[in-house]
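2 protein chains.
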Amino acid sequence: MEIIQNPEAIEDKSMNIIEEEVADLECSDQEKKIVKRVIHATADFDFKDLIIISEDAVEAGLQALESGSNIVTDVNMLRAGINDRKLGSFGGELKCFISNDDVAKEAKEKGITRSMMSMRRAAKNPDNKIFAIGNAPTALFELMKLIKAGKADPELIIGTPVGFVGAKESKAELEKMDLPFITVRGRKGGSSVAASITNALLYMK
Amino acid sequence: MEIIQNPEAIEDKSMNIIEEEVADLECSDQEKKIVKRVIHATADFDFKDLIIISEDAVEAGLQALESGSNIVTDVNMLRAGINDRKLGSFGGELKCFISNDDVAKEAKEKGITRSMMSMRRAAKNPDNKIFAIGNAPTALFELMKLIKAGKADPELIIGTPVGFVGAKESKAELEKMDLPFITVRGRKGGSSVAASITNALLYMK
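Those sequence lines, one after another, are chains A and B.
For the first sequence, the residue numbers in numbering that gives the first Met the number 0 are 0 to 204.
For the second sequence, the residue numbers in numbering that gives the first Met the number 0 are 0 to 204.
Think of the hints as simulated: they come from the structure by calculation, not from any bench.
Please note that a few of the clues may not be correct.
Copies of one chain are not kept apart here, so a pair can be met inside one copy or by any two copies together.
[Claimed, not checked] 27 Å max Cα-Cα, derived DSSO-like pairs, lysine-lysine:
1) K85 with K31
2) K31 with K167
3) K47 with K147
4) K31 with K150
5) K32 with K104
6) K47 with K104
7) K12 with K107
8) K204 with K144
9) K204 with K167
10) K85 with K107
11) K104 with K12
12) K85 with K104
13) K47 with K123
With the hints as constraints, model all of the structure from the sequences given.
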């Protein structure tokens with residue numbers, strides 16, 4: 000068996016296989032790139048029908064990146080999956096507050112989760128315009144609550160919490176928000192999905 | 000809508016939902032814990048029938064952990080998904096060499112991928128007894144080649160590369176190896192899957 004070793008050649012061949020399966024998707028080329036990268040990272044074609052991209056999401060995301068926005072993630076695993084060199088080339092940084100000692104301390108004092116507290120922390124910096132939440136429904140719920148209270152004003156939310164308790168509900172609520180978002184219907188999602196969506200945007204620039 | 004905020008309560012409720020769906024699985028309780036944690040992280044019940052655990056894998060993994068083994072990962076995203084505090088309590092460390100400058104340099108000199116070079120580097124330390132490879136088929140192929148050449152001797156391989164080029168083939172070859180392994184048949188896999196399997200083992204201790 001011949002093993003293809005060149006990472007670019009592997010990715011090109013993979014994307015060609017995926018392209019055949021999603022050729023009939025009715026969306027823009029940019030939106031299709033997002034769907035393809037998620038399928039590339041999961042080998043799960045269900046995402047073809049589950050990913051929902053609001054009309055203005057790609058443009059809003061690209062504009063935010065161009066202006067040097069940071070990207071906030073809910074967990075460190077998602078942060079590790081995003082191309083930080085590419086983000087840095089636009090002037091932005093990856094931010095994740097979940098493991099900060101002071102976030103843990105304040106969360107305990109207030110009786111909320113660290114995920115929630117890390118969203119409150121992130122909302123304070125106006126350079127944090129893109130939020131990627133791949134795991135914790137409580138983080139996504141908290142961010143939407145902050146927005147409704149006028150305490151957060153992100154330009155794009157990539158919200159793909161995964162799981163059986165609260166994930167689906169948090170994403171259904173995100174779909175009702177009047178702001179740019181990219182999400183996944185149902186229970187599926189996770190760090191790999193959120194990272195792929197974010198990287199797809201980064202690679203468009 | 001009531002939002003469950005307590006992370007432990009969310010996990011317990013999730014695991015109860017998953018338990019109902021996998022109740023008929025014919026395997027040990029420990030093996031079932033691995034399957035459930037993967038489904039918990041992906042919300043994808045396909046994994047119920049795709050995860051293959053060699054007869055001796057759980058015991059070998061637990062023994063390696065107990066002896067203070069490090070865990071080597073192919074990519075940083077997977078490293079970030081494994082509970083390092085728990086691993087540290089047994090005396091082990093997480094190791095990932097893919098981003099090391101000298102690994103990149105040596106890979107270039109030898110004309111191989113950084114993934115492959117990082118496996119060669121990892122194989123040199125006998126305390127690296129557990130390998131978790133969630134993404135790069137070339138890393139898994141290289142590790143198996145090192146084993147066959149007598150240059151690596153891991154006690155457990157968690158091998159779940161994902162994708163369309165080489166992933167399925169690398170895992171099929173892993174199933175033929177005469178050593179403890181945990182894998183996923185077909186194209187699916189990835190960092191979230193490999194992290195869940197590894198954490199399931201860590202949480203058994």
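Okay, the hints, checked on the actual structure:
1. K85 with K31: within (20 Å within a copy, 40 Å between copies)
2. K31 with K167: For K31 and K167, both the intra-copy (23 Å) and inter-copy (25 Å) Cα distances are at most 27 Å.
3. K47 with K147: neither (30 Å within a copy, 40 Å between copies)
4. K31 with K150: neither (33 Å within a copy, 44 Å between copies)
5. K32 with K104: neither (40 Å within a copy, 31 Å between copies)
6. K47 with K104: neither (41 Å within a copy, 38 Å between copies)
7. K12 with K107: between (49 Å within a copy, 22 Å between copies)
8. K204 with K144: neither (31 Å within a copy, 39 Å between copies)
9. K204 with K167: neither (31 Å within a copy, 32 Å between copies)
10. K85 with K107: between (35 Å within a copy, 21 Å between copies)
11. K104 with K12: between (48 Å within a copy, 26 Å between copies)
12. K85 with K104: Intra 33 Å, inter 21 Å, cutoff 27 Å: inter-copy only.
13. K47 with K123: Classified as neither: same-chain Cα gap 35 Å, cross-chain 42 Å, threshold 27 Å.
Violation of the numbered hints given earlier is confined to hints 3, 4, 5, 6, 8, 9, 13; the remaining hints are satisfied by the structure.
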